[in-house]
Amino acid sequence: MDRAVELGARVTWREINEGTMVTGGGTSREFNTGEWAVIKPTFEADKCRQCLLCVPVCPDSSIPVKDMKRLDFDYDHCKGCGICVKSCPFGAIEMEGIE
Amino acid sequence: MATKDRLSGNEAVAFALKQINPDVFPAFPITPSTEIPQNFATYVSNGEVDTEFITVESEHSSMSAAIAASAAGARALTATSSCGLAYMFEPLYIASSDRLPLLLAVVNRALTGPININCDHSDSMGVRESGWIQLYAENNQEAYDNLVQAYRISENPAVRLPIMVCQDGFITSHAVQNIELLEDEAVKNFVGEYEPEHYLLNRDEVMAIGSYGVSDYYMEAKRAQAEAMLNVPSVVLEVGKDFEAISGRSYGFFEEYKMEDADRAVVVIGSAAGTGKDAVDMLRESGEKVGLIKVRMYRPFPAEALAGALKGVKAVAVLDRAESYTNCGGPLGADVMAALFRARSQALAVNYIYGLGGRDITVKDFAKVYEDLAEVVRNDSAGDTYRYLGVRE
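Quick mapping for you: the protein sequence lines, in order, are chains A and B. For reference, each letter of the first sequence is one residue, going 1 to 99 in my numbering. For reference, each letter of the second sequence is one residue, going 1001 to 1393 in my numbering.
Because the hints were derived from the structure by calculation, they are not lab data. Just so it is clear, CB atoms sit at the ideal spot from N, CA and C, and this is done for glycine as well. Each hint should be verified, as a subset may be incorrect.
Computed list of lysine to aspartate or glutamate pairs in EDC-like fashion (alpha-carbon distance at most 20 Å, straight line) [to be verified]:
{"hint": "1", "chain 1": "B", "residue 1": "Lys-1018", "chain 2": "B", "residue 2": "Glu-1185"}
{"hint": "2", "chain 1": "B", "residue 1": "Lys-1222", "chain 2": "A", "residue 2": "Glu-18"}
{"hint": "3", "chain 1": "B", "residue 1": "Lys-1222", "chain 2": "A", "residue 2": "Glu-15"}
{"hint": "4", "chain 1": "B", "residue 1": "Lys-1368", "chain 2": "B", "residue 2": "Asp-1263"}
{"hint": "5", "chain 1": "A", "residue 1": "Lys-47", "chain 2": "A", "residue 2": "Glu-15"}
{"hint": "6", "chain 1": "B", "residue 1": "Lys-1258", "chain 2": "B", "residue 2": "Glu-1285"}
Facing chain A, according to a computed beta carbon distance under 8 Å, are these residues of chain B, among others [unchecked claim]:
{"hint": "7", "residue": "Asn-1046"}
{"hint": "8", "residue": "Arg-1099"}
{"hint": "9", "residue": "Pro-1196"}
{"hint": "10", "residue": "Ile-1209"}
{"hint": "11", "residue": "Gly-1213"}
Beta-carbon label-pair distances, calculated as ranges [said to hold, decoys possible]:
{"hint": "12", "chain 1": "A", "residue 1": "Thr-23", "chain 2": "B", "residue 2": "Glu-1304", "range": "34 to 40 Å"}
{"hint": "13", "chain 1": "B", "residue 1": "Arg-1342", "chain 2": "A", "residue 2": "Gly-82", "range": "56 to 62 Å"}
{"hint": "14", "chain 1": "A", "residue 1": "Trp-36", "chain 2": "B", "residue 2": "Tyr-1093", "range": "23 to 29 Å"}
{"hint": "15", "chain 1": "B", "residue 1": "Ala-1226", "chain 2": "A", "residue 2": "Thr-23", "range": "20 to 26 Å"}
{"hint": "16", "chain 1": "B", "residue 1": "Gly-1312", "chain 2": "A", "residue 2": "Thr-23", "range": "48 to 54 Å"}
{"hint": "17", "chain 1": "A", "residue 1": "Phe-31", "chain 2": "B", "residue 2": "Lys-1222", "range": "46 to 52 Å"}
{"hint": "18", "chain 1": "A", "residue 1": "Asp-76", "chain 2": "B", "residue 2": "Ile-1246", "range": "26 to 32 Å"}
{"hint": "19", "chain 1": "A", "residue 1": "Ala-37", "chain 2": "B", "residue 2": "Ala-1158", "range": "42 to 48 Å"}
{"hint": "20", "chain 1": "B", "residue 1": "His-1060", "chain 2": "A", "residue 2": "Asp-46", "range": "51 to 57 Å"}
{"hint": "21", "chain 1": "B", "residue 1": "Gly-1213", "chain 2": "A", "residue 2": "Glu-94", "range": "36 to 42 Å"}
{"hint": "22", "chain 1": "A", "residue 1": "Pro-59", "chain 2": "B", "residue 2": "Ile-1246", "range": "42 to 48 Å"}
{"hint": "23", "chain 1": "B", "residue 1": "Ala-1226", "chain 2": "A", "residue 2": "Ser-28", "range": "26 to 32 Å"}
{"hint": "24", "chain 1": "B", "residue 1": "Glu-1205", "chain 2": "A", "residue 2": "Trp-36", "range": "52 to 58 Å"}
{"hint": "25", "chain 1": "B", "residue 1": "Asn-1327", "chain 2": "A", "residue 2": "Pro-56", "range": "58 to 64 Å"}
Same shape as in the complex, but just chain A (with noise of 0.2 Å):
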C-alpha cells in the first residue's frame, strides 16, 4: 500500500478524524523520523561488549535489545544525534563527525 494513503494522509476534510484524534496506541511507530537524519552512527558488533550503557541515553529508543543483546539500530527512528556514540567505553558506535 502507498505508505501516504497508509499513514491517511491522502483523507478527505470529511473523513479526518474529528480533532484530529488518533485512535489507537503506539501510533509514534508509524512515523519514520529516522528521515530526519543527515548522518547516523554504524554498529561495529565486533567491539561491542554488550555493557548496554548505550541503550538508556538513546532518546529514540533507536537501540533494540533482544535477550539481554542489543541489535543494530532502528535506522526508521534514529535521528542521529550520536548521544550514543559518546556513551560506548568500546568505541563500537562510529558517526562522522563525532571523536
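Following the hints, complete the assembly by docking chain B onto the known chain A.
This is chain B only, laid out in the frame that chain A set:
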C-alpha cells in the same frame, strides 16, 4: 416554578454553574470576572457541588487544565476577563481545533493599554477568530440564561466546539438586577448528563488528542472544524426553543426591537442595547420609525439572517465596543457591512466606536445616532462611515 431573586451578573453565572454542577473548574482570578470562581468556590466548600475546583497559576494554565479535563471526558469550564483572555490566546485555538466541548464565562473588560479595568469588548473581540462560539448578554437574566444553554450547544455531537458566554464587565457583572431563576431540577434536566463519545479516561478505547498535524492534514482538519461551526446556528435555535419551553424566554441569533416598520436601525452587542431600547421608545413616541438589533450570537456570525432583518431599513448604524484599527471601524461593523454587501442591500451603513474602557453610553448618545442616521437618509449618503461616539472632540 421559577424563583425571583436579585443577583449581580457574576452571581447569576455562578448560580447557574452550581445548578449545572460541572466536573472540573480550573480558575485564576481577574477583575471583573473574579467573583464567578470566588462564589463558586463557596459552593464547593459548602459541599453544594462536587466539582473539582483547581486553583492554578495563570490563565494559560486555567484554560489548559480545562482543555485537559474536557479531553479526559469531563464537563469543564473556566472564567476570565481582559488580559486573562489574551493570555489564553494560544490554548483557545487548541480547545477548538481539538473539538472539545468547553465553557468559558467571559466578563468583558478592556485590554491594556492604557491600563483599564472597565467594560469594552476588546478582549473577546480579540479572540473572535479562535473557533469558539460566542454568545453575548444584555443583562443578568440573559447571562444566566445563556449559561444554562451553553453546554447543550457546545456538546452537541454535530458541533463539539467550545463556547464563550460573555457579559459586560461591571455593567452587568457587578450591578444587581431582578432575575428569574429556574429550579435546580429544571436546569439539571435541561443540561443533562455529559456523555462524551471519545475521551482519554475511557479504558476501552486507546486514543490520543492534540496531535501534530503536518501540511498533509492541517487544512483538512481546519475545513472539518469549519463544518462544525456551520452546524452551530441550527443547534443554537433548537436549544433556544427548548429553553423557551422551560423558561418562557426566547433566544435566537439576535433580538429585534421594534424593527417591523423601522427605516433606521442600530446594531449593537451587550448591555448598551438596553439603553438603546430606551432611546427607541422615546423616539417612537414622537413618531420616528426607529429600531434596534441586539446581536446575541456573534460567532458564528448570522450574516444572512441579520441582512434579512435589516431588509427594509434605509440607514443602519453599527455600534462597536472595540477598536480594530483597520481605519474602517470595528469588528461588528465589518461583519454587518459584509453581510449587507452580500445580500445586495441598498441600506446606507455607518460604524461607530463607543464605550471603550467603560465610557458610558447614554440615551442621548443613541438619540444622536438616530439623528445622524436621519441625516444620512436625507443626504442619501453615508458620509464618513468610521465614527466615534462619546469621545471628547
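Verification of the hints:
no. : hint                               : in the structure
1   : B/Lys-1018 to B/Glu-1185           : holds (12 Å)
2   : B/Lys-1222 to A/Glu-18             : holds (10 Å)
3   : B/Lys-1222 to A/Glu-15             : holds (12 Å)
4   : B/Lys-1368 to B/Asp-1263           : holds (16 Å)
5   : A/Lys-47 to A/Glu-15               : violated (51 Å)
6   : B/Lys-1258 to B/Glu-1285           : holds (12 Å)
7   : Asn-1046                           : violated (36 Å)
8   : Arg-1099                           : holds (3 Å)
9   : Pro-1196                           : violated (11 Å)
10  : Ile-1209                           : holds (5 Å)
11  : Gly-1213                           : holds (5 Å)
12  : A/Thr-23 to B/Glu-1304: 34 to 40 Å : holds (37 Å)
13  : B/Arg-1342 to A/Gly-82: 56 to 62 Å : holds (59 Å)
14  : A/Trp-36 to B/Tyr-1093: 23 to 29 Å : holds (26 Å)
15  : B/Ala-1226 to A/Thr-23: 20 to 26 Å : holds (22 Å)
16  : B/Gly-1312 to A/Thr-23: 48 to 54 Å : holds (52 Å)
17  : A/Phe-31 to B/Lys-1222: 46 to 52 Å : violated (21 Å)
18  : A/Asp-76 to B/Ile-1246: 26 to 32 Å : violated (58 Å)
19  : A/Ala-37 to B/Ala-1158: 42 to 48 Å : holds (44 Å)
20  : B/His-1060 to A/Asp-46: 51 to 57 Å : holds (53 Å)
21  : B/Gly-1213 to A/Glu-94: 36 to 42 Å : holds (37 Å)
22  : A/Pro-59 to B/Ile-1246: 42 to 48 Å : violated (56 Å)
23  : B/Ala-1226 to A/Ser-28: 26 to 32 Å : holds (28 Å)
24  : B/Glu-1205 to A/Trp-36: 52 to 58 Å : violated (31 Å)
25  : B/Asn-1327 to A/Pro-56: 58 to 64 Å : holds (60 Å)
The structure fails hints 5, 7, 9, 17, 18, 22 and 24 (numbered hints given earlier, in ascending order).
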